[in-house]
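So the sequence shown is numbered by the working numbering: it starts at 7 and just counts up by one.
Don't read these hints as lab results, they were simulated from the structure. Honestly, I wouldn't trust all of these hints.
Unchecked claim - Pairs of lysine to aspartate or glutamate residues, derived as EDC-like cross-links and limited to a Cα-Cα distance of at most 16 Å, are as follows:
#	residue 1	residue 2
1	K314	D284
2	K277	E349
3	K61	E71
4	K331	E347
5	K277	E326
6	K403	D380
7	K66	E329
8	K69	E113
9	K339	D284
10	K277	D307
11	K403	E208
12	K331	E349
13	K403	D270
14	K277	D317
15	K69	D123
16	K277	E329
17	K69	E58
18	K252	D284
19	K66	E198
20	K69	E198
To be verified - Pair ranges (Cβ atoms, derived):
#	residue 1	residue 2	range
21	D171	S64	27 to 35 Å
22	A382	E71	44 to 52 Å
23	G134	K252	48 to 56 Å
24	R124	D380	55 to 63 Å
25	E71	D184	29 to 37 Å
26	D128	D55	29 to 37 Å
Ideal Cβ placement from N, Cα and C applies to all residues, glycine included.
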Amino acid sequence: MPTRVMKFGGTSVADPQRIRHAASRVAAAKADGDRVVMVVSAMGDSTDDLIELAKKISAKPAKRELDALMATGELASSALAAIALEDLGLRACSMNAYQCGIRSDGEFGHARIDAIDRASMDRKIDGGFIPVIAGFQAVSPEGDLTTLGRGGSDTTAVAIAAALDVMGDGGCCEIYTDVDGVHTADPRLVPEAPRLTQITYEEMLELAVVGAGVMHERAVVFGQRYGVPIHVRHSQRYELGTMIQKETPFMESIAVIGCALKSDLGRVVLKGLPSSADTQGILFGAISQMGILVDDIIQNDSDQITHKFIDLSFTVAHSELPEVKIAVTRVLKSLGSGTMEIEIGLAKLSVVGSGMRHHSGVAGRLFETLGKADIAIRCIMTSEIKISCLIPQEHGKSAIRLVHSAFGLEQGERVTIERQLGRV
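Using the sequences and the accompanying hints, generate a full structural model.
In structure tokens:
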């Protein structure tokens, strides 16, 4: 009997009507004879509303109490969804992180799931109940509620699917959202971007990291680690959506499967730092203590002869630049050398595809496309299956449309390598 973990995001449970619709989809899965678990996010924008409420009381709410407050959003939606299922004649029970045995590392606001004790969920399922689980939360070693950060309910769902071993019984984790799957680009930026029927874990992970908002990257990592099939579907429609899995039939025959744009970035450029072994640890340790995520770290020797100094650059969200500037200024003072420059108004344009491992010419076509449009490239970052460029933000929307067209992505999975690399 397959196990289906069905996760519904905030827009999918935003009001009573949508909660009832989500419950009807879960009821249909149950009628098919599947073992069903429902995972829910907080309703609509209720998490943001709770944060704003806390900030009206204190400019800097205690992290423990903020997590306890934010977790109530999912508790409310799980209870309401269970009520909706009961109203359809099914047996359902809302469950929180304590009751599900979801344990975390204890990091408030950005906790990571360490383990899940599936016993209580199995008892409910075997007893004929549909567990309706509050996503986004886990219990610290000290017994405190911790939240998993933005997109945490996706992570909850995939982690539960792994714990219940959906891989072994032919089941999957279904992510219901307000889009009909993973597209070759954000349809809000590129309206003609088609939906993909399949995508690999590593392609989805790269797209998630560089700005595709369909799934949170930590959820994809869980799926990849444990081999959980992930099915992204529209909560209000019945299209097939997109399967995220280890391999796809076209993973070697298509060089670029998608592109993404991440806006509102700032770049911090540090020059003349001492090349001692602890410089990087001191610098990024100070930044991480402020809860700030950095990306696109690049290091070079600034002195090719003596190798006594290095240059470093990295990107952060524009909104975090003031705090980064404070932290870096302190570090430069303690190191005794180094200067800081900050670039603002940047966007990161990326192309992603497993086929890059097997086909040359992607970088050339990308850079040629941007060059013909007179779009300056400030920085280039690569991985095995991704090429990213920092460009002026004012060119971001036009750039992603040009690049999407240059690689023939409007053809979706039907595009040929010859079309993508300009060999026709």
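Can you list which hints this structure breaks, lowest number first?
Hints 5, 11, 15, 16, 18, 19, 20, 21 and 23 not satisfied by this model.
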